[in-house]
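Chemist: Residue-level listing of the chains:
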Amino acid sequence: MSNYSLKEIMNKPERLAPGHRMCAGCGATIAVRAVLRALDEKDRAVIGNATGCLEVSSFTYPYTAWEDSYIHNAFENAGATLSGVETAYKALKKKGRLPEDETFKFITFGGDGGTYDIGFQSLSGAMERGHDMVYVCYDNGAYMNTGIQRSSATPMYADTTTTPVGSQSNGKMQNRKDLASIIADHDVPYVAQTTFTRDFKDLHEKARKAIYTEGACFLNIMTPCPRGWRYNTPDIMKICRLAVETCYWPLFEVDHGKWKLSYEPKKKLPIEEFLREQGRFKHLFKPGNEDLIAQFQAEVDRRWEDLLFKCSR
Amino acid sequence: MAIKDRMSGNEAVAYAIRQVNPDVMPAFPITPSTEIPQMVSTYIANGEMDTEFIPVESEHSSMSAAIGSEAAGARSLTATSSAGLALMWEELLLAASNRMPLVLTLVNRTLSGPININCDHSDGMGARDTGWIQIYAENNQEAYDNFIQAYPIAEHADVHLPVMVCQDGFITSHAVENIELMEDGVVKDFVGEYEPEEYLLNPGKPIAVGPYSVSNYAMEAKKNQEIALERSKEVILQVAEAFEKISGRKYGLFEEYRTEDADYIMLIMGSAAGTAKQAVDDLRLQGKKVGVVKLRVFRPFPAKELAKALSRCKAVAIMDRCESYNGNGGPLGSEVTSGLYRNKVMIETVNYIYGLAGRDFTVNEVYDVFAQLENMIENGQQAEQYQYIGLRKQEAPSE
Amino acid sequence: MRTDVHKINEQTPHEELTEGLMMFAGGTSKYFQTGEWRTSTPVLHEDLCKQCLLCAPVCPDSCIPVKEGKREDFDYDHCKGCGICAAVCPFDAIEMKEGR
Chain G
1 MSNYSLKEIM NKPERLAPGH RMCAGCGATI AVRAVLRALD EKDRAVIGNA TGCLEVSSFT
61 YPYTAWEDSY IHNAFENAGA TLSGVETAYK ALKKKGRLPE DETFKFITFG GDGGTYDIGF
121 QSLSGAMERG HDMVYVCYDN GAYMNTGIQR SSATPMYADT TTTPVGSQSN GKMQNRKDLA
181 SIIADHDVPY VAQTTFTRDF KDLHEKARKA IYTEGACFLN IMTPCPRGWR YNTPDIMKIC
241 RLAVETCYWP LFEVDHGKWK LSYEPKKKLP IEEFLREQGR FKHLFKPGNE DLIAQFQAEV
301 DRRWEDLLFK CSR
Chain B
1 MAIKDRMSGN EAVAYAIRQV NPDVMPAFPI TPSTEIPQMV STYIANGEMD TEFIPVESEH
61 SSMSAAIGSE AAGARSLTAT SSAGLALMWE ELLLAASNRM PLVLTLVNRT LSGPININCD
121 HSDGMGARDT GWIQIYAENN QEAYDNFIQA YPIAEHADVH LPVMVCQDGF ITSHAVENIE
181 LMEDGVVKDF VGEYEPEEYL LNPGKPIAVG PYSVSNYAME AKKNQEIALE RSKEVILQVA
241 EAFEKISGRK YGLFEEYRTE DADYIMLIMG SAAGTAKQAV DDLRLQGKKV GVVKLRVFRP
301 FPAKELAKAL SRCKAVAIMD RCESYNGNGG PLGSEVTSGL YRNKVMIETV NYIYGLAGRD
361 FTVNEVYDVF AQLENMIENG QQAEQYQYIG LRKQEAPSE
Chain Z
1 MRTDVHKINE QTPHEELTEG LMMFAGGTSK YFQTGEWRTS TPVLHEDLCK QCLLCAPVCP
61 DSCIPVKEGK REDFDYDHCK GCGICAAVCP FDAIEMKEGR
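Residue numbers (this note's numbering), protein chains in the order written: chain G, 1 to 313; chain B, 1 to 399; chain Z, 1 to 100.
Hints listed in this document are in silico derivations from the structure and should not be mistaken for laboratory results.
For every residue, glycine included, the Cβ atom is placed at its ideal position computed from N, Cα and C.
Don't take every hint at face value.
Among chain G residues calculated to face chain Z with C-beta under 10 Å, some are [to be verified]:
no.	residue
1	N3
2	Y4
3	V32
4	Y70
5	G96
6	N175
7	F196
8	R230
9	K238
All chains, full assembly: derive it from the sequences and hints.
Modeler: Structure representation (structure tokens):
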């Protein structure tokens with residue numbers, strides 16, 4: 001039985017200060033705040049960060065938005081960098097150079113570029129070695145910091161600046177990589193996929209499990225980007241709800257190898273509901289492109305069935 | 001009491017690492033430095049040291065993790081060679097710009113291509129502008145001694161920069177020679193405990209590392225880093241002086257061998273200095289006034305000091321175990337001549353490229369170099385300003 | 001030595017910048033005001049607010065402070081006016097007004 005209370009959770013001191021330079025309406029910092037709220041107040045943390053929107057905007061010298069210790073190193077090595085920090089903690093604890101009653105937790109944030117693509121090797125290494133840390137991917141489905149280029153997290157047919165829609169192109173040609181599954185196949189103790197729900201219970205509980213489960217844990221959080229996805233900025237919560245209700249972005253967790261569905265829509269909505277809100281999919285609604293939407297739907301259905309199967313075992 | 005032993009360069013450095021017992025060592029194997037993490041892992045497995053070893057999945061990650069652990073407040077190091085150092089390149093810059101006093105033990109090996117596992121200095125020279133202090137060893141003894149001096153230099157409050165301790169692949173790293181080791185306690189006392197002032201894991205005192213910086217700060221930060229590198233010269237000499245007191249072995253920015261009255265000097269770095277010294281001894285018996293300057297500290301580059309040391313000779317052979325592909329010579333060739341010019345020392349120089357990818361460098365070749373210098377000065381015979389030694393060439397067609 | 005962010009600005013001489021541009025302090029961004037980015041401004045109608053707090057977690061800028069289980073007025077020094085809070089409020093207690 002869960003005893004989640006939004007009131008209690010929101011009472012905790014804020015660990016991400018305002019004054020960072022993320023765009024108005026950015027999903028990434030909503031995710032960061034929610035993850036950090038899952039930390040016990042008494043626990044300290046070292047936050048890692050891959051290069052990306054979040055990094056250049058949250059530690060713009062001399063202004064750091066992080067109340068906890070923070071390290072940004074480079075784009076492709078957030079996993080390795082935090083491995084080093086976590087190992088230093090072990091070493092200093094062992095040698096008695098840290099007070100016994102002090103607990104540090106290790107959380108690193110990377111966008112889908114720094115996680116799915118350029119930082120994939122470093123992430124895989126850190127997960128396989130089993131450092132006691134959480135890697136959080138804030139997945140907005142493209143390289144937003146450099147100006148909305150496609151990544152391996154970008155869904156098929158999205159209009160990006162390196163897969164532009166044109167007379168000979170319908171946007172990105174490939175389906176997105178299923179990173180949560182890939183990390184689950186590393187046999188790490190805890191992997192979860194989530195996004196923003198009305199009271200943030202799903203994200204909060206998954207972040208808590210990830211932080212307080214010993215070993216390497218991974219969270220994949222869909223964080224819409226108003227610039228890159230071209231939806232009406234205030235509607236971020238609606239976009240997230242539609243992603244979940246259409247089963248484009250299912251909520252699930254893999255706890256010590258056991259797949260569990262976190263939410264099953266009573267009535268799965270057609271994918272158009274999710275796509276229609278976003279300028280990056282506008283071309284799919286031109287007459288004659290019905291088959292593209294049908295293909296998109298078929299892929300969503302295939303992945304959903306596959307997930308149901310994994311969760312039924 | 002000094003301990004007399006026989007060791008390879010890799011064994012000597014691993015022995016020094018055990019004595020220093022740093023907190024964290026991430027590493028990835030690459031020939032010819034692989035033995036170092038192997039030996040350290042074995043020491044750890046046998047309870048002879050308690051460093052936390054991270055078997056990372058690449059050299060980029062080993063330097064990344066070393067930066068993370070150093071920033072967290074743990075004395076950190078890694079080891080690598082060749083392509084491993086090249087893969088780290090981005091991170092080498094970050095270790096220095098984030099002012100992390102960590103240590104890298106480099107076993108010099110040529111860079112690809114072609115892929116080849118033998119010694120030259122192209123890896124270290126490729127990293128020459130990354131902001132690291134670079135110290136080169138002639139033999140196993142120096143590799144051992146330089147490692148022990150590395151943390152006191154890096155961690156000095158005036159410096160806070162990473163140090164690369166270099167030895168020649170196979171020639172030094174794998175050849176077994178006599179060595180004088182120091183007792184564990186002496187080394188531990190010399191290096192001391194690591195007590196950083198600010199670090200990620202300092203409870204209640206959070207720090208932030210690695211900002212985005214607008215131009216209004218970035219240029220100033222780069223200058224501050226450069227000032228620290230300049231200041232390290234003095235610290236390197238202070239640490240060498242302290243080291244002499246416990247070891248009896250004297251170190252400077254470079255070593256001058258039989259140069260007091262020398263007309264001709266060979267300026268060289270690494271193991272080949274031993275070959276050059278042997279040739280100088282032979283030539284001295286024939287009455288030739290020749291000597292060797294062996295460069296130990298390549299970064300910071302001791303331009304002024306070198307210019308002074310070379311100012312009394314007639315000609316200098318600048319020996320590069322690295323091709324720069326700049327169409328004009330090797331890295332030492334460029335930097336030494338610019339140092340001479342700026343300090344108004346207008347002597348003749350010839351830049352020789354030797355020993356690439358493990359090509360042998362012999363005493364006879366040193367004789368030839370000195371003969372060419374002498375011929376240039378005494379007989380006005382022009383010498384090519386930039387040339388290769390030991391390179392096979394087509395015979396010139398007969399007249 | 002802890003860093004006093006108020007002593008660092010774009011005119012500070014290089015000798016007085018922090019080593020490696022590290023910050024020996026946390027949360028200093030609160031001294032950088034992003035409120036001036038706003039083109040529209042959320043206004044709380046306290047009479048309509050039921051303190052359900054659904055607006056608090058959706059703010060990307062930590063601009064809806066919660067004390068003792070109740071939300072307080074907006075942090076206008078930092079609010080960028082994105083309008084997410086107004087969109088999620090089930091009671092129309094937050095109104096977006098043109099301008100700053």
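Chemist: Next, verify each hint and record whether it holds.
Modeler: Taking the hints in turn, this is what the structure says about them:
no.	hint	result
1	N3	violated (15 Å)
2	Y4	violated (12 Å)
3	V32	holds (9 Å)
4	Y70	holds (8 Å)
5	G96	violated (24 Å)
6	N175	violated (29 Å)
7	F196	holds (7 Å)
8	R230	violated (15 Å)
9	K238	holds (7 Å)
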